[in-house]
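Order-wise, the sequence lines are chains A and B. Residues in the first sequence are numbered from 0 upward in steps of one, following numbering that gives the first Met the number 0. Residues in the second sequence are numbered from 0 upward in steps of one, following numbering that gives the first Met the number 0.
Calculated directly from the structure, the hints in this document are not laboratory data. Heads up, some of the hints might be wrong.
Identical copies carry no separate label here, and so any pair may be met within one copy or between two of them.
SDA-like cross-link-like pairs, simulated, lysine to any residue; straight-line CA separation at most 25 Å [unchecked claim]:
{"no.": "1", "residue 1": "K282", "residue 2": "T258"}
{"no.": "2", "residue 1": "K282", "residue 2": "E230"}
{"no.": "3", "residue 1": "K282", "residue 2": "D200"}
{"no.": "4", "residue 1": "K336", "residue 2": "E293"}
{"no.": "5", "residue 1": "K174", "residue 2": "D361"}
{"no.": "6", "residue 1": "K257", "residue 2": "M313"}
{"no.": "7", "residue 1": "K128", "residue 2": "D107"}
{"no.": "8", "residue 1": "K327", "residue 2": "G396"}
{"no.": "9", "residue 1": "K49", "residue 2": "G76"}
{"no.": "10", "residue 1": "K327", "residue 2": "D347"}
{"no.": "11", "residue 1": "K128", "residue 2": "N80"}
{"no.": "12", "residue 1": "K327", "residue 2": "D200"}
{"no.": "13", "residue 1": "K336", "residue 2": "D361"}
{"no.": "14", "residue 1": "K327", "residue 2": "P350"}
{"no.": "15", "residue 1": "K174", "residue 2": "K282"}
{"no.": "16", "residue 1": "K49", "residue 2": "L122"}
{"no.": "17", "residue 1": "K257", "residue 2": "R311"}
{"no.": "18", "residue 1": "K336", "residue 2": "G349"}
{"no.": "19", "residue 1": "K174", "residue 2": "L51"}
{"no.": "20", "residue 1": "K327", "residue 2": "G349"}
{"no.": "21", "residue 1": "K257", "residue 2": "R60"}
{"no.": "22", "residue 1": "K174", "residue 2": "P199"}
{"no.": "23", "residue 1": "K327", "residue 2": "F343"}
{"no.": "24", "residue 1": "K282", "residue 2": "A260"}
{"no.": "25", "residue 1": "K327", "residue 2": "D399"}
One letter stands for each residue in the lines below.
There are 2 protein chains.
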Amino acid sequence: MSQEQVLDERLNNYGLADPSRRRLLVGSAGAMAAVSLLGLSPLSRAEEPKTLPEYAAWKDRNALIVHSANTMETERGAIGNGVITPTGRLFVRNNLPPPPAGIIENADAWEVRIEGVRNPRTLSLGELKTMGVTTVASVLQCSGNGRAFFPHGASGTQWTVGAAGCVMWTGIPLKDLADALGGLAENARYITGTGGESLPDGLDPASIVVERSIPTRALDSALLAREMNDEPLTRAHGGPLRLVVPGYYGVNNVKYVKTIAFTEEQTNAKIQTSGYRVREVGKSGSPDQPSMWEMNVKSWVTAPLESGRAGRNMIYGVAFGGTVAVEKVEVSTDGGKSWHPARFLGPDLGPYAWRPFVLAADLPAGEHRIVSRATDAEGNRQPEGRTENERGYGHNGWSDHGVTVTLS
Amino acid sequence: MSQEQVLDERLNNYGLADPSRRRLLVGSAGAMAAVSLLGLSPLSRAEEPKTLPEYAAWKDRNALIVHSANTMETERGAIGNGVITPTGRLFVRNNLPPPPAGIIENADAWEVRIEGVRNPRTLSLGELKTMGVTTVASVLQCSGNGRAFFPHGASGTQWTVGAAGCVMWTGIPLKDLADALGGLAENARYITGTGGESLPDGLDPASIVVERSIPTRALDSALLAREMNDEPLTRAHGGPLRLVVPGYYGVNNVKYVKTIAFTEEQTNAKIQTSGYRVREVGKSGSPDQPSMWEMNVKSWVTAPLESGRAGRNMIYGVAFGGTVAVEKVEVSTDGGKSWHPARFLGPDLGPYAWRPFVLAADLPAGEHRIVSRATDAEGNRQPEGRTENERGYGHNGWSDHGVTVTLS
Numbered sequence: 000m001s002q003e004q005v006l007d008e009r010l011n012n013y014g015l016a017d018p019s020r021r022r023l024l025v026g027s028a029g030a031m032a033a034v035s036l037l038g039l040s041p042l043s044r045a046e047e048p049k050t051l052p053e054y055a056a057w058k059d060r061n062a063l064i065v066h067s068a069n070t071m072e073t074e075r076g077a078i079g080n081g082v083i084t085p086t087g088r089l090f091v092r093n094n095l096p097p098p099p100a101g102i103i104e105n106a107d108a109w110e111v112r113i114e115g116v117r118n119p120r121t122l123s124l125g126e127l128k129t130m131g132v133t134t135v136a137s138v139l140q141c142s143g144n145g146r147a148f149f150p151h152g153a154s155g156t157q158w159t160v161g162a163a164g165c166v167m168w169t170g171i172p173l174k175d176l177a178d179a180l181g182g183l184a185e186n187a188r189y190i191t192g193t194g195g196e197s198l199p200d201g202l203d204p205a206s207i208v209v210e211r212s213i214p215t216r217a218l219d220s221a222l223l224a225r226e227m228n229d230e231p232l233t234r235a236h237g238g239p240l241r242l243v244v245p246g247y248y249g250v251n252n253v254k255y256v257k258t259i260a261f262t263e264e265q266t267n268a269k270i271q272t273s274g275y276r277v278r279e280v281g282k283s284g285s286p287d288q289p290s291m292w293e294m295n296v297k298s299w300v301t302a303p304l305e306s307g308r309a310g311r312n313m314i315y316g317v318a319f320g321g322t323v324a325v326e327k328v329e330v331s332t333d334g335g336k337s338w339h340p341a342r343f344l345g346p347d348l349g350p351y352a353w354r355p356f357v358l359a360a361d362l363p364a365g366e367h368r369i370v371s372r373a374t375d376a377e378g379n380r381q382p383e384g385r386t387e388n389e390r391g392y393g394h395n396g397w398s399d400h401g402v403t404v405t406l407s
Numbered sequence: 000m001s002q003e004q005v006l007d008e009r010l011n012n013y014g015l016a017d018p019s020r021r022r023l024l025v026g027s028a029g030a031m032a033a034v035s036l037l038g039l040s041p042l043s044r045a046e047e048p049k050t051l052p053e054y055a056a057w058k059d060r061n062a063l064i065v066h067s068a069n070t071m072e073t074e075r076g077a078i079g080n081g082v083i084t085p086t087g088r089l090f091v092r093n094n095l096p097p098p099p100a101g102i103i104e105n106a107d108a109w110e111v112r113i114e115g116v117r118n119p120r121t122l123s124l125g126e127l128k129t130m131g132v133t134t135v136a137s138v139l140q141c142s143g144n145g146r147a148f149f150p151h152g153a154s155g156t157q158w159t160v161g162a163a164g165c166v167m168w169t170g171i172p173l174k175d176l177a178d179a180l181g182g183l184a185e186n187a188r189y190i191t192g193t194g195g196e197s198l199p200d201g202l203d204p205a206s207i208v209v210e211r212s213i214p215t216r217a218l219d220s221a222l223l224a225r226e227m228n229d230e231p232l233t234r235a236h237g238g239p240l241r242l243v244v245p246g247y248y249g250v251n252n253v254k255y256v257k258t259i260a261f262t263e264e265q266t267n268a269k270i271q272t273s274g275y276r277v278r279e280v281g282k283s284g285s286p287d288q289p290s291m292w293e294m295n296v297k298s299w300v301t302a303p304l305e306s307g308r309a310g311r312n313m314i315y316g317v318a319f320g321g322t323v324a325v326e327k328v329e330v331s332t333d334g335g336k337s338w339h340p341a342r343f344l345g346p347d348l349g350p351y352a353w354r355p356f357v358l359a360a361d362l363p364a365g366e367h368r369i370v371s372r373a374t375d376a377e378g379n380r381q382p383e384g385r386t387e388n389e390r391g392y393g394h395n396g397w398s399d400h401g402v403t404v405t406l407s
């Protein structure tokens, strides 16, 4: 494992070994040092943790696959067919351990610094509440959702389909906030958000800080969210305040956000420069490679799974288009030989939301390969295969995401 | 209290006294007999129950005013500003104690009889699942929501604003089901739903059964719901199967539904013939009076409440139009002298859903009377006053629903 890979692992997993992939930490003195500095104990790699971590203890344990104390995935069978994912079933992915519980108890006192505007200012959450409000439904999805399907053994959490959900966010539009502070500084090309996690001593902050830059084209849709699904944002999901960028991969939605800076350049934090970069298998990450920003069009089947009864079956799934509305979904029950248009279920919550879909199909006894294929409003359609890449990012190939069901 | 009123009380409260109105049960031997037959103990009338009943023990106690074991209201301050009410905060109103918990554990075995179609049939919930599915957002509201504002002391639970919420329902469209069974019988004018609660011996079933008839004009929107907010329908809300009639008052959404009959006449159950009838104060209920079917246009403020800080305030509330989409909301901070258009917050979930609204207002120190007034797409607007009526039904007057807030 290269030095860069070790650092990547540390950034992405922060010393919490992923039991489903045993490549982590081993032989990495630097990562072990980080673990030690934070007072964390590596989890046993032999089995899935039995319990949820303290900060997510209120979650529905039965709906989740607990990969580690910082990575919990929704079971495919628990994704459901709703337009909104109940918070208790939503996946969790923290890049660093969360700040202490006190930040939630005194949420209105949480402060965020706004820089790169004409009149930079530090504002409390209490103040933000009176400055503007919007509510937006959007899909939250980890860049590595689908990583488990890559045959080369991409390192990182082995997410299948459940590192995704669709939730309602409420908070202040970032555009309103920037306008209230005099507008963006000249030459601002990026929105750079910094998380408020504690960083361990003895390591270069840039190597570990959760700080992400996204292009200012996201300014009109981004918000600083303080509520999810009409409840105060929990610590598990970045409360009291989180940068939410609808249609962008999860990592860009910086939790515990302490600083928003409108910058001319992208941050030099490792999580930006080499982390979350799409590159060929075996290559190291670098700033010239595509960053995990806008999500691509994607869908997968959520029911039936594994087995069922022959005859009329209702095939359910979810589909979304990232920053572009999803327009249609087709379902195949013969592994992609023939396709049938599925119907969307429930109200349309806007371009950033997912749409549950359903297809009624009469299926004989036997084994069936059920796959789904979504197309967005710009005509982008899920490909059949993977785009092979070192870290297993952005997988939206329909073939790997299908299910094999035996009906009797 | 007249014999009719006693019976009404028994129908509506089933021996569970409402502690906020002490007119119930007193001197009513029949009601006491019903209590005894069902093995229930009347609650103390001196104070609000401290605990939630067993079948609703999973609810958020802090969000609810517990009037009795069968009537729990969402606190005005817990209604929130979301497009969907989290299930844990949703009000509960049962007309009879719920069936035992076993009906949920074996939900797919629940059977419903469909009559008044060309091919009457009994179907299990498991069978219904393969016959059709829809997801609809709609407001659920008790007919007596707002009863506490009637000065004549309307009997029944003293709901203020919290006997309402907006939730997602998933189940089979009733129209699909009727079509699958050959269509409606000739002369069918009503959809009559019957609840599956146990009825006490020794009483005329028609005097106590929860059986409601609604006009067949609701056929295109009604469904048999098995999920609420993407989770299996709980016993507190009528699971495993409930008749849901979007835009109609709560009582028509028959819980634990055992029979759907398409009928030429309305049921002769007391809850239909004299219950839920709008009549002058002092009059008894009778079939010639309007029945509580379609809801009227309504809104109320949810924040701020009681006190706050002078300066910029965000005024929140919810608004809906029953079977007609709500089109606009105006807010007044001077008790209705001047009005300002509020902005809807979050996605539009369709004509039966409520829309949260918000208005930013700069308010000086002092006392302010904040009221809201909604108008639906057909131009119906909330009146200022009440329509006085014996049981305190259908109150949508904006004046009573306002809040007085002291800012400092």
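Hint check against the structure, violated hint numbers in rising order: Checked against the structure, the hints that fail are numbers 1, 2, 3, 4, 12, 15, 16, 18, 19, 21, 22, 24, while the rest are satisfied.
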